[in-house]
Amino acid sequence: MTAGLPLLSLVIWVPIAAGIAVLATGSDRNAGLARILALLGALAGFAASLPLYTQFDTSQAGMQFVEISPWIETFKVAYHLGVDGISVLFILLTSFTTLLVVIAGWKVIEKRVAQYMAAFLILSGLMIGVFAALDAILFYVFWEAMLIPMFIAIGVWGGPNRVYAAVKFFLYTLLGSLLMLVAFIYLYNKAGTFEILDFHRLPLSMTEQVLIFLAFLVAFAVKVPMWPVHTWLPDAHVEAPTGGSVVLAAIMLKMGAYGLLRFSLPITPDASHALSGFMITLSLIAVVYIGLVALVQTDMKKLIAYSSISHMGFVTLGFFIFNAYGIEGALVQMISHGFISAALFLCVGVLYDRMHSRAIADYGGVVNRMPVFASFFVLFALANSGLPATSGFVGEFMVIMGAVKVDFWYAFLAAITLIFGAAYTLWMVKRVVFGAVANEHVEKLSDISSREFLVLGLLAVAVLGMGLYPLPFTEVMHQSVNNLLSHVAQSKL
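Positions in the sequence shown are counted from 1; adding 39 to them yields the working numbering.
Source of the hints: derived by calculation from the structure; they are not laboratory data.
The C-beta atom is built at its ideal place from N, Cα and C for all residues, glycine as well.
Hints are supplied without guarantee of correctness; some may be wrong.
[Claimed, not checked] List time: in silico PhoX-like cross-link candidates among lysine-lysine, alpha-carbon distance up to 20 Å:
(1) K207 / K341
(2) K229 / K115
(3) K341 / K444
[Stated by the list, open to error] Simulated restraints on C-beta separations:
(4) H395 / Y225: 46 to 56 Å
(5) A398 / V202: 16 to 26 Å
(6) L493 / L334: 25 to 35 Å
(7) V411 / K444: 15 to 25 Å
(8) V202 / E482: 30 to 40 Å
(9) V105 / E514: 15 to 25 Å
(10) E112 / I458: 49 to 59 Å
(11) A462 / I75: 39 to 49 Å
(12) K444 / G65: 53 to 63 Å
Build out the structure end to end from the sequences listed, making use of the hints.
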């Protein structure tokens, strides 16, 4: 609480309330009003999230802006919110991304406008709830509830195979989450409470830790997604509308990784150490193998989707090498990937809105007709390749530095992704952007509008700002990461 305001509740419920208000505008006859209300709601949500950063005490490792109220007293379930240096940046990223999605869909979405805008506003509040919840049942409610608006977004505004992709996305994530609920109930029976921070202090045997770790892993690995439970993501990305792809890549994938940090490592530290080799192996397979898979893609969205899986392999690698460089680098990589993947999907959306094709072979020479767009696209592609002075370099460099301290070969294999990333991203850019104008469809292309320039420009500032001066991001997380590492280092046995 700051100045008497429940900031976290505001950040969660303002976009949800705005989404309900947008929904109340009804049919597309009121589309203009729906758009304006959605923009105001997204702006209000983003504005409410800013004090979480500006008033955050970077010298403290514990939870801040804490709110707690009784909820289901019979089972000691509370409406308990709070953020630390690990979660606060993801709340800002979520509210910022939601604002961009509303602006990006301003003219693109022409049917069921109110429902589209409402889905993403409500989704924003639910996702922020995941990052802020300090009660396991509250976390689980937000975790499951956010599937509904994304399911609707893919199923209603998606591509030709949208129903298949939406159902696959829903079933994968729902089934994985059921084991997480089982783990929560077991921990409740041991601790007598659903408080997540009390779970961290619970003494557990090695057998208990391993079983709980595996239950959490199923839920969080699907969401990351880690190899081999990644197959839902390319389908979801390809069929989702541009806004859905942006939110999936920028926010939803981060929730699985966030769950590993909030639950797996502090609740089951001994099992985390014991199974670290297994986790590192899965991470390196994602980095190397999925990078190779991305090389052969012919659809721009699918290529970027596989790129996301490869980059998230870097994140899980950073977590399980158990040093500050690795974990902070992984967190920086998560924020950076949120900016870059959102930008790349928005770039593909700009092209798709004009030509209704995502096939790389249908393009060529786009720079001749869209020079401003091409400049943004090349910048984000280079950032995705890990170019120094962009945000894509900072996190990967820190993770590689942390991996070197543990095992040179971990670092060597992880660094291969920089080569693969450059290969598949620049190959796509070369064929889409450069060369002579490929066909009459490209010939008729027009450069980006002021609205599109605003969205891509904001992301370009974020990518370059984080790449040139990452300190404002790293200093927020430093104390919380050190606290987590000291906790994980203490055996519960």
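Cross-check of the supplied hints:
| no. | hint | result |
| --- | --- | --- |
| 1 | K207 / K341 | 16 Å, holds |
| 2 | K229 / K115 | 13 Å, holds |
| 3 | K341 / K444 | 34 Å, violated |
| 4 | H395 / Y225: 46 to 56 Å | 50 Å, holds |
| 5 | A398 / V202: 16 to 26 Å | 22 Å, holds |
| 6 | L493 / L334: 25 to 35 Å | 33 Å, holds |
| 7 | V411 / K444: 15 to 25 Å | 43 Å, violated |
| 8 | V202 / E482: 30 to 40 Å | 35 Å, holds |
| 9 | V105 / E514: 15 to 25 Å | 21 Å, holds |
| 10 | E112 / I458: 49 to 59 Å | 56 Å, holds |
| 11 | A462 / I75: 39 to 49 Å | 44 Å, holds |
| 12 | K444 / G65: 53 to 63 Å | 58 Å, holds |
Checked against the numbered hints above, the structure violates hints 3 and 7; every other hint is satisfied.
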